[in-house]
Amino acid sequence: MLTKDVSLELEQIITALIAEGKEPTVALVKARLKTSVPMPALISTIKSWKSSSRVPKIEVAAEAKPESDRITQLEAQVQELQQRLAQLEAKLG
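So in numbering that gives the first Met the number 0, spot 83 of the sequence shown is number 82, and the numbers just go up one at a time.
Any given hint might turn out to be false.
Stated by the list, open to error - Below, simulated EDC-like cross-link-like pairs (lysine to aspartate or glutamate); rule was C-alpha separation at most 20 Å, straight line:
1. Lys46 - Asp68
2. Lys49 - Glu74
3. Lys56 - Asp4
4. Lys21 - Asp4
5. Lys46 - Glu8
6. Lys46 - Asp4
Said to hold, decoys possible - Simulated DEER-style distance windows between Cβ atoms:
7. Ala75 - Glu19: 14 to 20 Å
8. Ile17 - Ala60: 25 to 31 Å
9. Gln81 - Ala15: 50 to 56 Å
10. Ala30 - Arg69: 29 to 35 Å
11. Glu66 - Ser35: 15 to 21 Å
12. Leu27 - Ala75: 42 to 48 Å
13. Gln82 - Ser6: 41 to 47 Å
14. Gln81 - Glu10: 45 to 51 Å
15. Ala15 - Lys56: 15 to 21 Å
16. Ile42 - Asp68: 33 to 39 Å
17. Leu91 - Ala60: 42 to 48 Å
18. Lys21 - Arg69: 38 to 44 Å
No lab work stands behind these hints, which were simulated from the structure alone.
Even for Gly, the Cβ is constructed at its ideal location relative to N, Cα and C.
My request is simple: use the sequences and hints to build the entire structure.
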């Protein structure tokens, strides 16, 4: 499974909230996130920030490509492999 590191995004959001004079809460941070982060990860991030002013490394599952993109990519790959197979068959036969 591919993962995406969202630690920097979380740190930027928390820093922006503090600069605005707001206390970072789960609701405020979640509202500003562009990436979906599980609630337990948000809670632990905010607790870590409050105790040590640092954001732990948080990784979430990366969004999968739309199926139509994957199908197009696979079709192109099959076509390329068929061409290579035809070239090999021509060399042998």
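Here's how the hints hold up against the structure:
Among the hinted pairs, Lys46 with Asp68 is inconsistent with the structure: their alpha-carbon atoms are about 39 Å apart, more than 20 Å. Between Lys49 and Glu74, the direct Cα distance comes to roughly 50 Å. Violation of the 20 Å bound is thereby established for this hinted pair. Of the supplied pair hints, the one linking Lys56 and Asp4 holds, its CA atoms being roughly 7 Å apart against a limit of 20 Å. Of the supplied pair hints, the one linking Lys21 and Asp4 is violated, its CA atoms being roughly 25 Å apart against a limit of 20 Å.
Using a Cα cut-off of 20 Å, the hinted pair Lys46 and Glu8 holds, with the two alpha carbons roughly 16 Å apart. Only pairs whose Cα atoms come within 20 Å are accepted, and Lys46 paired with Asp4 is accepted, the gap being roughly 19 Å. Separation of Ala75 from Glu19 is about 48 Å and departs from the stated range, judged on CB atoms against 14 to 20 Å. As the Cβ distance of Ile17 to Ala60 is approximately 28 Å, the hint placing it in 25 to 31 Å holds.
Remark: the range hint 50 to 56 Å for Gln81 to Ala15 is upheld by a beta-carbon distance near 52 Å. A hinted range of 29 to 35 Å for the beta carbons of Ala30 and Arg69 is consistent with their spacing of about 31 Å. For the pair Glu66 and Ser35, the supplied restraint of 15 to 21 Å holds, since their beta-carbon distance comes to about 19 Å. A C-beta distance of roughly 44 Å is found between Leu27 and Ala75, which places it inside the suggested range of 42 to 48 Å.
Roughly 43 Å separates the CB atoms of Gln82 and Ser6, a value that falls within the hinted 41 to 47 Å. Here the CB-CB span from Gln81 to Glu10 is close to 48 Å, well matched to the stated 45 to 51 Å. Range check, Ala15 to Lys56: about 20 Å between beta-carbon atoms, so the 15 to 21 Å window is met. The beta-carbon spacing between Ile42 and Asp68, approximately 34 Å, falls within the hinted interval of 33 to 39 Å.
Between Leu91 and Ala60 the beta carbons are some 44 Å apart, a value that agrees with the proposed interval 42 to 48 Å. Distance hint check: the CB atoms of Lys21 and Arg69 are about 41 Å apart, consistent with the given range 38 to 44 Å.
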